[in-house]
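A.B. asks: Sequence:
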Amino acid sequence: MIDENCVFCNKPAILENDLAKGFFDIHPVAPGHFLIVPKEHYVTFFDAPRDVQIAMLDLMDQAKTYLDKQYHPRGYQVFSHVGKAAFQKVFHAHIHLVPVA
Numbered sequence: 003m004i005d006e007n008c009v010f011c012n013k014p015a016i017l018e019n020d021l022a023k024g025f026f027d028i029h030p031v032a033p034g035h036f037l038i039v040p041k042e043h044y045v046t047f048f049d050a051p052r053d054v055q056i057a058m059l060d061l062m063d064q065a066k067t068y069l070d071k072q073y074h075p076r077g078y079q080v081f082s083h084v085g086k087a088a089f090q091k092v093f094h095a096h097i098h099l100v101p102v103a
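Everything in the sequence shown is counted per the working numbering, starting at 3 for the first residue and increasing by one.
If you're looking for bench data, these hints aren't it; they were derived computationally from the structure.
On a predicted model such as this, the values are computed, not experimentally measured, just so you know.
C-beta atoms are modelled at their ideal positions from N, C-alpha and C, and glycine is treated no differently.
Incorrect hints may appear among the rest.
Distance condition first, Cα-Cα at most 35 Å in a straight line; then the derived DSBU-like pairs of lysine-lysine [said to hold, decoys possible]:
#, residue 1, residue 2
1, Lys91, Lys66
2, Lys86, Lys13
3, Lys13, Lys91
4, Lys66, Lys13
5, Lys71, Lys41
6, Lys86, Lys66
7, Lys41, Lys91
What follows is a list of derived Cβ distance ranges for each label pair [claimed, not checked]:
#, residue 1, residue 2, range
8, Asn7, Gly77, 32 to 42 Å
9, Asp5, Arg76, 30 to 40 Å
10, Asp20, Lys66, 15 to 25 Å
11, Val84, Ile4, 20 to 30 Å
12, Ala103, Pro51, 34 to 44 Å
13, Lys13, Val80, 32 to 42 Å
14, His74, Asp49, 31 to 41 Å
15, Pro30, Ala87, 19 to 29 Å
16, Tyr73, Met3, 13 to 23 Å
17, Asn7, Asp70, 30 to 40 Å
18, Gly77, Asp5, 31 to 41 Å
Let the sequences and hints guide you as you build the complete structure.
C.D. replies: Below is the structure:
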């Protein structure tokens with residue numbers, strides 16, 4: 003299901019596979035800050051079915067290769083905020099992939 007009011011559901015993809023898509027964060031904490039989200043609307047990573055979780059992780063590998071070529075980082079931060087108490091701001095599952103200069 004797609005939520006027509008969800009900013010992530012409606013965001014165009016830079017990278018994608020059958021079940022997930024990725025794009026740059028509009029409020030990056032560092033250059034190249036990338037988000038991986040399921041194409042269907044799930045509130046958190048843990049709400050998504052296993053095949054969607056795997057697709058998100060597969061796309062994160064693809065995004066790392068893409069960001070390696072663009073930014074040549076020394077490393078990455080990988081994280082997800084799960085729930086309001088953990089400071090989740092957009093209630094559509096997402097993984098942050100942040101290059102470290």
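A.B. asks: Next step is simple, just say for each hint if it's right about the structure.
C.D. replies: Hints, one by one, checked against the model:
no.	hint	in the structure
1	Lys91 with Lys66	holds, 24 Å
2	Lys86 with Lys13	holds, 22 Å
3	Lys13 with Lys91	holds, 16 Å
4	Lys66 with Lys13	holds, 20 Å
5	Lys71 with Lys41	holds, 25 Å
6	Lys86 with Lys66	holds, 27 Å
7	Lys41 with Lys91	holds, 18 Å
8	Asn7 with Gly77: 32 to 42 Å	holds, 36 Å
9	Asp5 with Arg76: 30 to 40 Å	holds, 37 Å
10	Asp20 with Lys66: 15 to 25 Å	holds, 19 Å
11	Val84 with Ile4: 20 to 30 Å	holds, 21 Å
12	Ala103 with Pro51: 34 to 44 Å	holds, 35 Å
13	Lys13 with Val80: 32 to 42 Å	violated, 20 Å
14	His74 with Asp49: 31 to 41 Å	holds, 35 Å
15	Pro30 with Ala87: 19 to 29 Å	holds, 24 Å
16	Tyr73 with Met3: 13 to 23 Å	violated, 34 Å
17	Asn7 with Asp70: 30 to 40 Å	holds, 35 Å
18	Gly77 with Asp5: 31 to 41 Å	holds, 34 Å
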